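Based on the hints, put chain A in the right spot on chain S.
These protein sequence lines map, in sequence, to chains S and A. According to full-length UniProt numbering, the residues represented by the first sequence are 1 to 312, in order. According to full-length UniProt numbering, the residues represented by the second sequence are 1 to 312, in order.
There could be a bad hint or two in this list.
Stated by the list, open to error - Chain S is nowhere near these chain A residues, computed Cβ spacing over 10 Å in every case:
hint, residue
1, 23
2, 31
3, 93
4, 128
5, 173
6, 188
7, 266
8, 286
What the hints assert, rightly or not - Pairs of lysine-lysine residues, derived as DSS-like cross-links and limited to a Cα-Cα distance of at most 30 Å, are as follows:
hint, chain 1, residue 1, chain 2, residue 2
9, A, 87, A, 56
10, A, 87, A, 24
11, A, 6, S, 295
12, S, 24, A, 295
13, S, 56, S, 136
14, S, 295, S, 6
15, A, 295, S, 295
16, S, 24, S, 87
17, S, 56, S, 6
18, A, 295, A, 56
19, S, 136, S, 87
20, A, 136, A, 87
21, S, 56, S, 24
22, S, 56, A, 295
23, A, 56, S, 295
24, S, 6, A, 24
25, S, 295, S, 87
26, A, 56, A, 136
To be verified - Partial selection, computed: residues in chain A whose CB lies under 7 Å from chain S:
hint, residue
27, 27
28, 112
29, 113
30, 151
31, 185
32, 187
33, 212
34, 244
35, 292
36, 296
37, 302
Don't read these hints as lab results, they were simulated from the structure. These figures come from a predicted structure and were not determined experimentally. For every residue, glycine included, the Cβ atom is placed at its ideal position computed from N, Cα and C.
Residues per chain, in single letters:
Protein chains: 2
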Amino acid sequence: MNYEYKEPLVVQEVAPRDGLQIEKQWVETEDKIALIDALSACGFSRIEAGSFVSPKAIPALRDGDAVFNGIRRGRGVIYVALVPNVKGAERALAAGADELNLVMSASETHNRANMRMSCESSLAGFGNVVRLASGKASLNATVATAFGCPFEGRIDEERVVSIARTYREMGIDGITLADTTGMANPRQVARLVARVLEHVPAADLTLHFHNTRGLGLANVLAAYDTGARRFDAALGGLGGCPFAPGASGNICTEDLVNMCDEMSIPTGIDLPRLIALSRTLPALVGHEVSGQVAKAGRNCDLHPAPDYVQAI
Amino acid sequence: MNYEYKEPLVVQEVAPRDGLQIEKQWVETEDKIALIDALSACGFSRIEAGSFVSPKAIPALRDGDAVFNGIRRGRGVIYVALVPNVKGAERALAAGADELNLVMSASETHNRANMRMSCESSLAGFGNVVRLASGKASLNATVATAFGCPFEGRIDEERVVSIARTYREMGIDGITLADTTGMANPRQVARLVARVLEHVPAADLTLHFHNTRGLGLANVLAAYDTGARRFDAALGGLGGCPFAPGASGNICTEDLVNMCDEMSIPTGIDLPRLIALSRTLPALVGHEVSGQVAKAGRNCDLHPAPDYVQAI
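For reference, chain S alone in the conformation it holds in the complex (with noise of 0.2 Å):
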């Protein structure tokens, strides 16, 4: 690994969307506003901010309309909106979602459980978003089991890349390869990270790990060391999946900023900020939650010696 390099790294906030939808107690929508009000103000220039799937499939975040119009855009921040077919890209668009995210999971189990279809049929559900949000919105596809599959388990990277590449040729410019249910190793993300950069261009692509087996941290090394240089990332690493019982979600937003900070990569977030902010989830959600370094602090908060050091 190269460890002199320097090259800024994009951190896509996924909080109030990946982060939020999993979670049981309501959380009311002016404090969502907040929440991404606050993280526009820490400085990301991408914040996934809600979804708009039926409100059945994932109540907490049945209020999206009233997130996006409720919060303050800053300045040059793209606000993104999960979408699953073209009725949710119509009330994303209306909402002003600068950037609609659909999903498709390369393995077929987990697409037909997860989005109750088959892989065709999302193909075919993108084509008609493609064509509705053409010139309003910019556009994302996902695709969800990139690095391995809960039911089928391992995932062929040639139809990875294959996916990426219909993505693409559909006119989604932005990619993203997301390992859903946190099985992906770092030598398997240099892999396949190299083989679909041969594709997707470094600034359309979007690498989105999960912490459920403890990697996520040493996997975005792996990505960026590899050319990768946007992450998604979730404020407390909020998230996680029903498979996984009280195993982490997604990888903490702060834990990638202090890192990064250590390592001397630009993010451009204010992590003392942001810190700050992630020590207002557990009130928000109510319970604990997986991120490291809001309680450990960062290294330069030192701590005073004992007074007997002084003695000694």
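Coordinates of chain A only, in the frame set by chain S:
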């Protein structure tokens, strides 16, 4: 980073010492013995089984003698004892420890706070232990706070290298670089490990990382990629730091072994058995532990797809 490596990685299990020493709930001697015996059966070649420090300083480990006398010695397994001074070394040798591990901090302030003596006094004591133990047990010495100190902050790399060389010149073959409070980052690790490997053969060098700020496994990979081959880890991620309440402790053994398995790095350790053992920890110590893989399972532990998938 070279992701095609396959050289074995040695894991030294430290839960019985560095893990249990911070636990508030008393762990019975017979339970400690059972834990170490179960670890021996998982395939470890090295286990830090206890310490011979003052019972007042660390009451949780006051039964070091009984523990060492009670364990079943696994074939080829080296059982290490932490010793603070000659008195501890005498006890450890009498109890049959195969290796003695000494500790001094690179930070003068941390050494005074932790060992209640100056670094000069620590080194003088090491000399006495070397004379006592020579020919009776192998020796290792740890450079604590090698990557940062919670009181002093950054630690001069030259000082760490110099201490490692001093240890070797005193006749102490084994050297551990310890990130005592989880302040290391992968770039720093690669740089310092490269420097220390100029003076210490990889077979004698151990890296001891804490996951306090979420970087434990990323640091392992950076060190491994630089040529280090031996790593401390604690079952369940036991251990911790008084300055980071709620944050993770030692890097988690089963998370490390899972990473190695997924990357085809041989460890010789039986992961399913290790995971089963880790799942007994909450009952032993009275609280949840921070390891992820014991909660999430291995990648190959697949889940049944929901029934409705068939009908789509």
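Are there hints from earlier that the structure breaks, and if so, what are their numbers?
6, 11, 17, 18, 24, 25, 27
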